[in-house]
Amino acid sequence: MDTIIFTVLVLSVLGVLLAVILYFVAQKFKVFEDPRIDEIVEILPGANCGGCGYAGCRAFAEALVKNDDISTLLCPVGGSNVMNKSAEHLGKTASVKDPLIAVVRCAGSCKVRPKTNEFEGAKSCAVMSTTYSGDTGCSFGCLGQGDCVVSCGFDAIRINPETLLPEVDEEKCTACSSCVKACPKFIIELRKKGPKNRRIYVSCVNKDKGGVAKKSCGAACIGCIKCQKVCTFDAITIANNLAYIDNAKCRLCRKCVAECPANAIWELNFPPRKQEIKTE
Amino acid sequence: MNFRFMSMKIKTFKHGGIHPDDNKISAESAIETVTPEGIVQIFLSQHIGAPATSVVAKGDKVKTGQLIAKATGFVSANIHSSVSGTVRSIDLVADHLGIKKEAITINVENDEWQEDIDRSDDIVREIKLTAEEILKKVADSGLVGLGGAAFPSHVKLSVPPGKKAECLIINAAECEPYLTSDYRVMMEHTEELMIGVQILKKATGVPVAYIGVEVNKPEAIKKLNALTSEYKGITIVPLKKKYPQGGEKQLIKAVINREVSSGGLPVDVGAIVHNVGTAFSVYEAVQKNKPLIDNIVTVTGKNIPVQKNLLVRVGTPVSKLLDIVGGIPETTGKVIFGGPMMGKAASNPNAPTQKSTSAILLMPDEESHRGKPSSCIRCARCVAVCTMNLEPYLLKRLSERKMFEESEKNSAHDCIECGSCVYTCPANIPLLDYIRLSKVEVLKMKRNRK
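Protein chains in written order, with our numbering: chain H, 1 to 280; chain V, 1 to 450.
Calculated from the structure, these hints are not laboratory results. All of these numbers come straight from a predicted model, not from anything done at the bench. Heads up, some of the hints might be wrong.
To be verified - In silico negatives: residues of chain V with every beta carbon more than 12 Å from chain H:
1. D95
2. D121
3. I127
4. L135
5. S158
6. V206
7. A345
8. R381
9. K402
10. E408
11. K409
12. I429
13. I435
Claimed, not checked - Per label pair, the in silico range of CB-to-CB distance:
14. H:S71 - V:K450: 58 to 68 Å
15. H:I225 - V:T72: 52 to 62 Å
16. V:K450 - H:K274: 56 to 66 Å
17. V:T72 - H:C110: 51 to 61 Å
C-beta atoms are modelled at their ideal positions from N, C-alpha and C, and glycine is treated no differently.
Please take these sequences and the hints and turn them into a complete structure.
Below you can see the structure in the form of structure tokens.
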């Protein structure tokens with residue numbers, strides 16, 4: 001009997017002693033974490049895509065809580081909806097930004113850009129671009145091995161088996177920019193989604209001189225500056241034999257699309273024109 | 001008994017390596033000179049390091065051997081006109097990989113050489129210049145390593161302060177299959193080569209030089225050995241036939257049994273390594289005052305009627321060399337610049353030659369394609385053959401997953417791109433493709449850290 005009492009006693013005393021030690025240690029090494037971080041994580045989409053520039057949604061939530069000015073932060077997946085909600089929760093103001101979308105600036109399908117050789121190496125654009133200029137005459141265009149497809153966490157970009165070019169799914173794309181980083185040829189760009197998803201862009205990144213570009217690809221921008229002349233808003237700049245439409249200045253008047261002799265300027269989701277119906 | 005004695009004497013490197021068929025079918029074709037005509041396109045960047053800066057303008061008349069582009073900085077090389085004529089343009093020209101680089105295009109008119117170049121065949125034996133003068137001459141003549149990497153020779157010859165060179169190793173292994181340009185130099189310019197080695201010895205101040213030759217070139221070994229009594233301090237070292245013996249670190253291990261550490265230079269173990277072709281061009285530059293304007297290109301292939309070793313002016317369109325052997329046969333699968341192991345298949349066979357172009361190889365279609373890749377079976381053959389003690393299967397997986405920091409920890413940058421791992425892989429996995437990618441990325445990371 002004595003043994004049992006003795007044992008219970010010793011264990012109880014030990015338990016109380018350790019509990020007291022643990023209490024003080026916990027007080028000493030306490031890490032304060034803002035409870036709002038967890039609340040913001042709940043609001044964020046939880047895709048952990050890294051499109052915001054932080055290592056996942058939790059890191060982004062921390063940044064939202066810690067920074068007083070959150071106008072420069074943006075969750076591209078959630079868009080202004082999520083940003084406004086989080087800002088409201090924190091009592092801060094989020095800036096309103098136009099939704100963006102990934103745009104593939106190459107129209108060199110198999111038809112217009114014939115293959116000049118066959119690539120037998122590893123099926124990766126990054127490997128291919130470190131090896132040589134590519135399997136077509138154009139050394140700037142899409143390599144078609146699908147690094148962008150692998151990088152996309154939202155299944156929003158796919159290689160079209162007919163053209164062998166990547167195509168962006170407008171519904172799924174969140175503009176997280178992982179495909180932009182994955183493309184070794186810098187073809188993919190984030191551009192404004194535009195009103196009613198309407199947008200105009202130069203679908204070419206070829207910097208060769210007009211003749212050389214035309215020879216290697218039927219859809220290449222030849223830098224003829226016709227579009228620049230017709231643009232009334234100064235939205236088009238030409239550098240290195242290549243036209244570029246400034247997102248901020250373009251008013252979607254479509255004059256340049258009709259003017260381009262190389263069909264290098266693309267319009268998306270516009271209603272058909274009155275006189276001349278343009279098909280892609 | 002005799003065999004055992006032989007195998008004890010013949011040296012080689014220890015770890016890894018493979019034994020591909022050497023296919024030296026052009027070995028007996030004597031060197032032929034290709035007369036320049038039409039145009040030449042000379043790249044401003046034919047070497048490792050900064051591209052040279054052009055010193056001529058469109059419309060200028062140039063003579064053969066005239067300086068047309070100056071080295072930019074220490075690790076760079078001068079470039080000389082390989083022909084006489086008029087500068088047609090200075091613009092972007094696609095190289096054999098289709099990558100556009102700045103080049104000087106010259107219309108060939110006659111063949112008028114600079115007056116101070118000695119064009120006679122007389123062998124000049126006496127070395128008049130001092131060590132410093134030799135170094136300057138080598139730099140002025142735009143010499144680069146002709147073994148393939150095209151590293152500016154004067155950089156290799158300048159021993160960094162605090163280090164001491166003890167011996168010179170001449171790389172005559174020519175372990176790459178098909179290539180015979182070095183062999184022809186040894187056969188036809190033996191004495192010039194020996195003088196070149198003596199010049200290199202004088203420039204670096206080392207007492208001994210070794211010429212490492214693989215035993216599949218017995219004639220060359222015999223010819224070189226015959227001259228060792230005349231040229232003191234040069235030893236011919238017969239090496240076992242094994243690829244990649246011509247790798248700098250492998251050759252040092254084979255010849256003097258010393259190991260260069262990861263990221264180290266040969267001079268760390270007291271060695272300076274130069275190629276046979278470089279030694280010959282050193283002779284030409286120092287004794288004959290002739291800059292590096294031509295090199296020997298092996299044009300070979302199993303399905304072409306004639307095998308050639310051609311002395312070609314730098315910048316000659318390769319299509320012209322192919323015309324000499326009767327054009328590209330129908331049965332050709334790939335046109336390779338360099339050998340089958342380290343060379344690269346050309347997407348643009350009309351590209352001009354460069355200083356370091358050692359061979360044009362026409363691979364028959366049935367031999368030139370890669371097998372269909374399947375899954376890794378963890379046989380570790382790639383690990384066994386890797387002469388740099390790397391784990392190619394691991395590096396490939398890391399590169400595939402873009403884990404380049406891990407690649408760096410696993411010494412991806414040590415890879416010499418010899419291709420032994422791909423050669424031996426039973427699953428046809430493109431290991432080297434991925435390792436090359438991680439090499440590029442690791443280098444980028446290192447540069448950003450600075």
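Evaluation of the provided hints:
1. For V:D95, the condition that its CB be more than 12 Å from all CB atoms of chain H is violated, with the nearest at approximately 9 Å.
2. Remark: the non-interface label on V:D121 is consistent with the geometry, its nearest Cβ contact in chain H lying 40 Å away (cut-off 12 Å).
3. With a closest Cβ-Cβ approach of about 43 Å to chain H, V:I127 is found to remain outside the 12 Å limit, as its non-interface label requires.
4. No beta-carbon of chain H comes within 12 Å of the beta-carbon of V:L135; the shortest separation is about 34 Å.
5. At roughly 31 Å from the closest C-beta of chain H, the C-beta of V:S158 stays outside 12 Å, upholding its exclusion from the interface.
6. Non-interface status of V:V206 relative to chain H is upheld: no Cβ of that chain comes within 12 Å, the nearest being about 37 Å off.
7. The beta carbon of V:A345 is not kept farther than 12 Å from every beta carbon of chain H, the shortest such distance being approximately 8 Å.
8. Every C-beta of chain H lies more than 12 Å from that of V:R381, the closest at about 18 Å, which supports listing it as non-interface.
9. Its closest Cβ contact with chain H, about 8 Å, brings V:K402 to no more than 12 Å, contrary to its assignment away from the interface.
10. Every beta carbon of chain H lies more than 12 Å from that of V:E408, the smallest distance being close to 16 Å; the non-interface claim holds.
11. With a least CB separation of 20 Å from chain H, V:K409 remains clear of the 12 Å interface cut-off, as annotated.
12. A beta-carbon of chain H comes within 12 Å of the beta-carbon of V:I429; the shortest separation is about 8 Å.
13. Non-interface call for V:I435 relative to chain H: violated, since the shortest CB-CB distance, roughly 10 Å, does not exceed 12 Å.
14. At roughly 34 Å, the beta carbons of H:S71 and V:K450 sit outside the given window of 58 to 68 Å.
15. The given range of 52 to 62 Å is broken by H:I225 and V:T72, whose C-beta atoms sit roughly 34 Å from each other.
16. With their beta carbons about 60 Å apart, V:K450 and H:K274 fall inside the hinted range of 56 to 66 Å.
17. At about 41 Å, the CB distance of V:T72 to H:C110 disagrees with the hint of 51 to 61 Å.
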